[in-house]
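Trainee: Those letters in the sequence shown? Residues 0 to 92, per numbering that gives the first Met the number 0, in order.
Derived from the structure by calculation, the hints contain no laboratory data. One thing to keep in mind: the hints can contain errors.
Claimed, not checked - Here are the simulated lysine to aspartate or glutamate pairs, EDC-like style, with alpha carbons at most 20 Å apart:
(1) Lys21 with Asp11
(2) Lys27 with Glu16
(3) Lys68 with Asp55
(4) Lys68 with Asp84
Since we're looking at a predicted model, the values are computed, not measured.
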Amino acid sequence: MTGLSYQSAGVDLELYEQSMQKLPELMKRTHTPGVMELSGGFAGLFRLAAERQWTDPVLVSGTDGVGTKLLVGTMLDRFDTIGIDLVAMCVND
Numbered sequence: 000m001t002g003l004s005y006q007s008a009g010v011d012l013e014l015y016e017q018s019m020q021k022l023p024e025l026m027k028r029t030h031t032p033g034v035m036e037l038s039g040g041f042a043g044l045f046r047l048a049a050e051r052q053w054t055d056p057v058l059v060s061g062t063d064g065v066g067t068k069l070l071v072g073t074m075l076d077r078f079d080t081i082g083i084d085l086v087a088m089c090v091n092d
């Protein structure tokens with residue numbers, strides 16, 4: 000397999016790097032008082048202060064991928080279910 004590269008596939012890695020450097024500043028624009036900090040980046044948390052039915056309700060929006068699943072598996076020292084979970088998320092997303 001010769002001649003294969005990101006560039007030949009239409010991927011501009013320099014533009015990607017430039018875009019990624021701008022991303023944190025763009026993300027800050029979406030922050031409102033309800034946005035909660037969460038280390039690790041596994042999910043986004045938003046406090047629904049206006050909702051009166053529950054005590055301190057929080058909306059959780061999560062994303063995952065192979066990297067996230069491997070990190071969680073490593074943290075738990077458990078790897079026997081990662082493949083099952085990957086298939087389930089691809090089929091059920």
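Trainee: Each hint needs a verdict: does it hold in this structure or not?
Mentor: To see whether the hints hold, each was checked on the structure:
1. With a CA separation close to 16 Å, the supplied pair Lys21 and Asp11 stays within the 20 Å bound.
2. Annotation: proposed proximity of Lys27 to Glu16 holds, straight-line Cα distance about 18 Å (limit 20 Å).
3. The hinted pair formed by Lys68 and Asp55 fails the criterion: a straight-line CA distance of about 29 Å is larger than 20 Å.
4. With a C-alpha separation of about 8 Å, the suggested pair Lys68 and Asp84 falls inside the 20 Å cut-off, and the hint holds.
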